[in-house]
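Chemist: Throw the hints in and build the complete structure from the sequences for me.
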Amino acid sequence: MKKSVRVSYFAILREQRGLGTEQVATEASTAAELYEELKTRHGFTLPGTRIRVAVNDDFQPWSAEVREGDSLAFLPPVAGG
Amino acid sequence: MKKSVRVSYFAILREQRGLGTEQVATEASTAAELYEELKTRHGFTLPGTRIRVAVNDDFQPWSAEVREGDSLAFLPPVAGG
Amino acid sequence: MEFRITDRDIDPAALLRSLGDTRAGACVTFEGRVRQQNDGRGVKSLDYEAFVPLAEKEGMKILDEAREKHAVLDILCVHRTGSLALGDLAVWIAVTAEHRGAAFEACRYVIDEAKARVPIWKKEHYADGSTEWINCATRGPGASGAAPA
Amino acid sequence: MEFRITDRDIDPAALLRSLGDTRAGACVTFEGRVRQQNDGRGVKSLDYEAFVPLAEKEGMKILDEAREKHAVLDILCVHRTGSLALGDLAVWIAVTAEHRGAAFEACRYVIDEAKARVPIWKKEHYADGSTEWINCATRGPGASGAAPA
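Going line by line, the protein sequences match chains A, B, C and D. Start counting the first sequence at 0; every next residue gets the next number (numbering that gives the first Met the number 0). Start counting the second sequence at 0; every next residue gets the next number (numbering that gives the first Met the number 0). Start counting the third sequence at 0; every next residue gets the next number (numbering that gives the first Met the number 0). Start counting the fourth sequence at 0; every next residue gets the next number (numbering that gives the first Met the number 0).
It should be emphasised that the hints constitute simulated quantities derived from the structure, not laboratory data. Glycine is no exception: its CB is placed at the ideal position from the N, C-alpha and C atoms. Careful, some of the hints might be misleading.
From the structure, some residues in chain A lie toward chain C, with a derived Cβ separation under 10 Å [claimed, not checked]:
#1 Asp69
#2 Ala72
#3 Gly80
Modeler: Written as structure tokens, this is what we have:
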């Protein structure tokens with residue numbers, strides 16, 4: 000059963016994807032599965048171990064369930080300041 | 000043999016003396032002796048142990064010799080910042 | 000207490016005025032500026048990108064932590080996004096406190112934690128024409144690690 | 000590197016401009032301001048007095064020490080004399096460095112040492128009309144000590 004979610008990419012992921020936000024139809028049940036699926040599809044160079052995920056604008060563990068209508072953001076290692 | 004020296008007072012010493020600088024004729028041989036002399040004469044409340052002395056614009060030990068023409072400054076405990 | 004992401008120039012003088020408080024005996028500020036060299040490479044300019052809602056939320060959490068740990072009166076932190084030239088302000092933090100120790104320590108805490116936790120990214124443009132997203136090289140620690148599961 | 004005593008208002012924005020250096024990734028500033036309360040007593044205003052030639056000499060010595068201990072690019076310290084109102088700047092320090100750690104530590108060193116060593120004095124005027132030269136009460140440590148000999 001496919002769910003429709005909104006996915007945002009930042010920094011190097013945004014460049015590798017070629018866009019900042021997209022609507023994705025996925026059967027992934029966790030955020031981790033979704034990242035692996037997108038990593039393979041788009042050739043992301045960063046392994047999931049170096050990424051963090053936010054669901055609906057909050058940090059979440061990779062085990063977070065993917066639900067219809069969620070907004071997921073994949074966050075490369077930060078470098079502010 | 001009296002020497003003539005210039006003495007400067009700061010902060011509470013300046014107020015207790017009622018002036019900032021004066022010419023003093025003294026037989027004191029060290030800065031310590033001069034402070035004791037002036038403390039007695041002017042009723043300074045701060046003991047020498049809490050004062051520092053500068054001779055010709057440099058910190059000096061209390062044992063510094065008093066020479067004709069020196070400029071001595073008596074410095075209460077500092078409180079900048 | 001405010002943590003703000005902005006795409007406009009940071010104006011420290013104006014921001015400082017908002018921190019007037021006659022209880023404050025100390026104000027410590029930190030400016031992070033674009034410098035001409037990083038790890039031995041000549042830098043021409045920087046791009047900063049942020050995930051704004053989460054950056055501001057995580058930033059406020061850091062300010063709250065700083066206030067719990069140190070006796071401060073107020074904290075303001077502003078971080079730039081967009082394209083920055085050499086010498087431009089990337090981040091500005093000000094902390095007021097009755098006493099200086101708390102102001103220094105809280106300011107240091109905020110910049111250290113912000114660099115480690117707030118979702119902001121930096122792309123360096125080098126003199127030789129190349130670019131790099133800082134901390135995103137795939138040969139760094141974890142690059143050969145397993146995928147999340 | 001400059002340590003300056005002034006009887007004019009301190010203008011941090013103008014002073015900061017003199018510290019532009021594109022090697023600097025960090026600039027830490029400290030503002031010491033007149034606060035409304037000290038040791039539980041309401042403060043109305045302050046007078047600062049300095050022994051200027053020795054204050055500037057001792058101040059420069061402190062800046063030199065800070066530069067020896069920490070990898071800084073530049074340090075500027077300005078201290079007021081004269082009559083100050085609540086909220087006025089009494090002292091302003093700025094330190095630039097490539098990296099923030101050195102800037103924080105040098106700035107802290109300068110204010111700590113300046114307060115302890117530089118011949119500057121502070122008289123507080125209290126809300127109840129009384130006044131006091133700070134650190135000059137004769138009942139403090141050493142008050143009953145022997146005269147120098």
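Chemist: If you take the shortest Cβ to Cβ gap from Asp69 of chain A to chain C, is it below 10 Å?
Modeler: 14 Å, violated
Chemist: With chain C as the partner, please determine if Gly80 of chain A meets the hint condition of a C-beta pair closer than 10 Å.
Modeler: Result: holds, 4 Å to nearest chain C Cβ.
Chemist: Taking the closest Cβ pair, is Ala72 of chain A under 10 Å from chain C?
Modeler: Holds - the Cβ of Ala72 of chain A comes within 10 Å of chain C, reaching about 6 Å at its closest.
The earlier numbered hint that this structure contradicts is number 1, and it is the only one.
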